[in-house]
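Starting from the known structure of chain A, fit chains B, C and D with the ligands onto it as the hints suggest.
Chains as they are written, first to last, in our numbering: chain A, 1 to 337; chain B, 1 to 508; chain C, 1 to 320; chain D, 1 to 332.
No wet-lab data here; the hints were simulated from the structure.
All values reported here derive from a predicted model rather than from experimental measurement.
One thing to keep in mind: the hints can contain errors.
With a straight-line cut-off of 27 Å between C-alpha atoms, the simulated DSS-like cross-links for lysine-lysine are [unchecked claim]: (1) K188/C / K347/B; (2) K73/D / K39/D; (3) K44/D / K73/D; (4) K401/B / K188/C.
Sample of chain A residues at the chain C side, in silico, Cβ under 7 Å [what the hints assert, rightly or not]: (5) L146; (6) V271; (7) F311; (8) Q313.
We put the beta carbon where it would ideally sit given N, CA and C, even for glycine.
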Amino acid sequence: MTTTIADADAGTEARRRPGTLRRERIGHLVQHHGALMVLAVTVLLGAVAFDSFTTPQNAANIVVSSSFLAIVAIGMTFVIISGGIDLSVGSSFVLAGVLAAYGSRYGLLVALLLPLTVCGAIGLLQGLIVARTGMAPFIVTLAGLLGMRGLMLAVSGEGANTYLVQNGAFSALGQTSLLGLTVPVWITLGLVLLGGVLLQRTGFGQNIYAIGGSEEAAVLMGVPVTRVKVIVYLISGLLAGLAGALNAARLSSGVTILGAGMELDVIAAVVIGGTLLTGGAGGLTGTMAGALLLGVIQSLINQIGVLTSSFQQVVSGAFLALVVVMQRILHRAQRLS
Amino acid sequence: MATAVLEARGISKGFPGVLALDDVSFRLDAGQVHALVGENGAGKSTLIKVITGVYRPDRGTLLLRDEPVTFDHPLAAQRAGISTIYQEVNLVPQMSLAHNLLLGREPRSRLGVIDTTQLYAEAERVMTRYGIRTDVRRPLRSFGMGTQQMVALARAVSIEARVVIMDEPTSALEPREVDTLFGVIADLRSEGISVIYVSHRLDELYRICDRVTVLRDGRVAHDGPLDELARVELVARMLGRDPAEIRRDGATRFTGEHTTTAGEPLVEARSVSRRPVLRDVSVQVRPGEVVGLGGLLGAGRSETAKAIAGALPVDAGTVTVAGQQVRRGSPAAAIRAGVSLVPEDRKAEGIVPTLSVRDNIALAALPQLSRSGVVSDARIDRIVDSFMRRLRIKAASPYQKVSELSGGNQQKVLLARSLATGAKVLLLDEPTRGIDVGAKAEVQALIDELAAEGLGVLLISSDLEELVEGADRVVVLRDGAVAGELSGDQVTEEAIMATIAATGETDG
Amino acid sequence: MAELAAAPHVWGGRARLLTWLQEYGVYASVLALLLFNVVFTPHFLEVANFRTQLIQVAPVVITSLGMALVIGTEGIDLSVGAVMALASAMVVLYLGYGAPVAIVAALIAGAAAGAAGGALVAYVGVQPIVATLALLVGVRGLANVLVPQLTEFRNPTLITLGSQSVLGLPLVVIIAAALTVLVAFLVKRTTFGRQLVAVGGNRAASRLSGLPVRRVLITVYIISGLLAAVAGVLATSRLQASDPTSLGLLMELSAITAVVVGGTPLTGGRVRVLGTVMGALLIQLLQATLIKHNLPQSWTQMVQAVIILAAVYAARGRRA
Amino acid sequence: KSEDSGDTPAPAGSAGQQVVQSAGATGPTCTLQSFGGQKFDLKKDVVGFSQSEKEANPFRIAETKSIKDEAAKLGIVNLRVTNAQSQFSKQISDVQQLIAQGAKLLVIAPLNSDGWEPVLKQAAEKKIPIITVDRKINAQPCTDYLTFIGSDFYEQGKRAADQMMQALGGQGEVAILLGAPGNNVTTDRTKGFKDRIQEKAPGITISFEQTGEFTREKGQQVTEQLIQSRPGTKGIYAENDEMALGAVTALKGAGKSPGQVKIVSVDGTRAAVRGIVDGWLSAVVESNPRFGPLAFSTTQKFLEGEGIPATVIISDQEYTTANAKESLGNAY
Ligand SMILES: Nc1ncnc2c1ncn2[C@@H]1O[C@H](COP(=O)(O)OP(=O)(O)OP(=O)(O)O)[C@@H](O)[C@H]1O
Ligand SMILES: Nc1ncnc2c1ncn2[C@@H]1O[C@H](COP(=O)(O)OP(=O)(O)OP(=O)(O)O)[C@@H](O)[C@H]1O
Ligand SMILES: [Mg+2]
Ligand SMILES: [Mg+2]
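Isolated chain A, as found in the complex (with noise of 0.2 Å):
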């Protein structure tokens, strides 16, 4: 590759060291890598205590039950990368999953885009709000939370009835393993391939940065930023229902007692793969290393076998906090380098 120092003669900029430059490369791949160097190490110390926790089967089991969480994640980077964030996506997780099992009565189809309709409409309704009213996108999507928990109890008898899929396809999609991992797997490592390309490729990715870099500077500069905002929460909404809908096939019902807190979860996976709370910087790899790392906390604590259930809680509070403090540590040095 080669790189463009600054024209001394042009006198625009002070000359730079060609060290610089490489050292800002490799702190530039720390800190969008942060996470997954961080994963990196974190599974090599788990492979070096536990013999259990390299078996093929154990790594299947977190990369399979950590693709829901991911596919949520995709959307909510966008969203973020926007400046905004979606905390209604644990209750479009359930609410989904619960309309596809109904909803699976009456075909495939059905029980796809049953979930996929209602939660895309709300996500829509929600980006309209925030993008149309300025209204802050936290109360927005809190009260989104609120709203689709209502509904889902209201269309599961408030929780009374567990609705079971009754489509042999529809569970298939849950289900099947192709090359030893599940379709949602597979669901989840296209839509990053998509997402990525949509992010970094697109001229609607480019302006989600710009957006979430500056909303002033964005309108200014022509940036649909109403329709941008929209988009992006439809996608985020959509990405929810998604998952909600493959994780009810995976489970052959469509559970009410899923997703609460689950936003949390989400935002904790996208911060920790290096994409800013503040908007405008981050990517999809870093949110798919961090899914995978919350999985493989969960999973090491129960390797470790002796806590109790609340020493568990404090040890994966502890992990994230140093998990975090590790990456601005990675940042800095970057910085002062």
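Coordinates of chains B, C and D with the ligands only, in the frame set by chain A:
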């Protein structure tokens, strides 16, 4: 008469407590460069924002080639062929220079996705045309204000436009870049594209503008061809004063003579270094002295000031105030020692937009204005009142939000904030940038006055005239190192330019 | 342009209504809800009812005050509910040494938790939401480790704290009111208060103006932890038991809602103390209304969503 | 430490031991052969126990302790315990992880009855017997899982209704403090109670039902609203003991005297039974959490080739004013 490219008829626009535009009419002809001038807060930026759909006018109509139009979004104006550089640089700091430059017009590959290789190549090509060769992948915020301004300019011009509006495009540019800009404007004019040009620098107006509209207090005070209007007349129209009075006062308000006590320097930076922007910079300021800091964009002037103010950690070197070494990296310590910085980027580092004018002025001096942690409103009122009067800050009331003031008045608020701390040394980074002629003169007079009172001033300015007339001594920086120092009769525009241009023999 | 300051015609009726709503939207919403209840809810206009609502809202008010300060600095504190639980655990743990010692221990624990979060934010530069999320998980776990299950106590001093009235006013309500006044004073009249909003409004500018940015930040989180601990102690004394598993669960969301409904923007730079109290009252009143009218849970949640949106819409900031 | 109750802990022996209902063992029986599993060594092989909620309430504490104690007593050395912290997704991955660790027997206290497909599938592939305790899994016994040991929540609701009818003399307004919404336990205990009232006591009207989320604090808060705005309420049915005790605190705070409002609840914790002795509660229907002995003895029988019934319903006790004092030792 040919049809106007753009016309505004009877535009009024009010903000809480202020009528920013009052029945303003404005007409732009094809291929003309039309100056829009007026004091700070006269309503220039507001008019531009109304024209480009950022604000909806309360009354009045907008016509584009005689067709009535309403833009309810800047995008709509852009689509109609109106391209704008807004006053405060409005780009996305975290995005790369290239992405900022080409946002919305990124080159696509055959698959329809953005072709990044081509994107960077294209951006490099464009920037080279504007005399800037640099790594366009770096985030925009890592560039100086000048470069950022050039990006905004290149961006605005490269959009297919019939009208290009420039709100104070040169305030962050140095002479060479201004020349580049004027070359661009000349090209535009020859292509029949119209330009609305806002600036407080009168020389520039006379160099390139055909017509001028003067705004005063939200109303049109004058409209006509520029070459028929003498300089003093123009200033008189802007200020609403008698031309004869203006004629007496001269170009800048500096008297040029300070009685510098030869004694101990008030502040002294010794061999300050910070990779990669500063190398071995030494500057000292004595009481009653105005020391100019000259150099091109990115020469490291702002960094020097920040290093002295404790806002930038340094790798090597020391800063002493009145013989006492200042603890590194703490603006608080610097302020306590009597050194106060008025930063260059007032939006990002200066004002606190959510607070009132009053709270902004009192901010840095709070410890002095309170007793055991409880603020004294009486004392704040007194100090705010006196500074608002002394600096003639135009605000509806001290309780108006500072973000609602015009750029020039915001600058004065920051100056007041520094002065309120009772600083012995002021570090002024482009203190007259974006300030109208009247206010500029006031600020300059104030600098003189402060120096006369025994304060030391470090003055950073891209306006050579200002440096020459205002400073007793000028330290010239190049590439983050001192390239030379001029004092006494040596301080001339030519000498400064020569020092800047001298090939690196001073580098050793 | 000062002479134009009084130009009234640009400041028409609609705009005035909007500003009024923005400033007083919460008050209007509370009033509307009160009116609704007076008309439609039996036994609403009784002293006992107002006592109940005020007592129940007191801990929410107290935590919201701390939250408002944190949000004023452009931060957020998700750990308040967990800190309440920690305080609750500390109280019963040290009750053997007498109520005053136990309460002080609880407050110290709250401040310490706040300091931990604050240090992550101010000195390490971790984003507030993640720093306090880690705390939320860890601190509740810690509280549970200290007191593994609901533990009742019979200490008369502590029980009195939760049930005593002075001049007809419940002690908890008096404490909440006193803390409100204190925090309002802090925001309006002290250097710290001014610095806090400045830090929230523009951190770079605050630093350049010589403000002790980090100290302000960590202090704000300590205060938030301290206030959450006070709320935890009061809630514990009212429950007459320490229940670290469920005490203060989801309190962070209630507090944030109260603050935002009260007109403090999440973008920082501004703190509205009285608005926050009103926000808390609005939520309390809303929940009470829904319970008293015996709506099913599904309805309760959907109605809450709509009312919160409406209240924040009314109080939202004008856009440029 | 704390000023906890002065009660002496229940003797570890037989007090409160679960008893299988005489008619409780129902359905066709299942043997090692019909299940298709392989014999394993209970003492040496990995045994997994997946707990659903944090051991922070008496029920869960007693449940986990009972499993662990019994395992220790029988010399089961490889017991792995996980806790789902009330997150269903976590419980699924917990159990999957237990399987990955080579568990030969799974004892599961499910957080939810539905949604066990992925776990059942993995267990079935390896023919791992699953015993679910306290809550049922909606699946095929003997094929998907081995058996269920626990109480009948619907029945508990009915018995609570009987107690309420008795306490109120068949007349009056009753409020229900519901458990957490969406929970099977809530659903069954509500349905059982309502069905019985409708069937047996037309004089009782259920005028109020709001969730107290199974916690004392919420129970107290909801009751405070209830007694203020509906002073005519004569009885409160709390779907667990914690909410009942919260209601007691609320009643005390409102200046009511013991027995003025009749409270019936389900669980049988020590504090609640003491509430009966003090006169605040009318009755408590027991839900016995001590599953250890029964779970392992069932497994042993299964390994020895005996037939195991599809459901093993335990007979729960009742605490009333008549027996509360002497049965206090049985409460957990
Ligand atoms: N968003 C706003 N809210 C309230 N008042 C505003 C707002 N924007 C501008 N004003 C007021 O309108 C008047 C005109 O401001 P404007 O920015 O148009 O001046 P300007 O001529 O561009 O000045 P400058 O030369 O300093 O840039 C000023 O009094 C200013 O305080
Ligand atoms: N955060 C940063 N990261 C990397 N480089 C930076 C950063 N800030 C400034 N620079 C570079 O440091 C050099 C000095 O910039 P500085 O702003 O001090 O110049 P200046 O002489 O003050 O010019 P100006 O008139 O633009 O203020 C420039 O090359 C600029 O691009
Ligand atoms: Mg302007
Ligand atoms: Mg500079």
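Hint by hint, here is what the structure shows:
Between K188/C and K347/B the alpha-carbon distance is near 25 Å, which keeps this suggested pair within the 27 Å criterion. Among the hinted pairs, K73/D with K39/D is consistent with the structure: their alpha-carbon atoms are about 21 Å apart, no more than 27 Å. Restraint check for K44/D and K73/D: satisfied, since their Cα atoms lie roughly 14 Å apart, inside the 27 Å limit. Straight-line distance between C-alpha atoms of K401/B and K188/C comes to about 17 Å, which keeps the hinted pair within the 27 Å bound.
The interface hint given for L146/A holds, since its Cβ lies 4 Å from the closest Cβ of chain C, which is under the 7 Å cut-off. Hint status for V271/A: holds, given a least beta-carbon distance of 5 Å to chain C, under 7 Å. Because the beta carbon of F311/A sits about 6 Å from the nearest beta carbon in chain C, less than 7 Å, this interface hint is met. Because the closest C-beta pair between Q313/A and chain C is about 3 Å apart, less than 7 Å, the hint holds.
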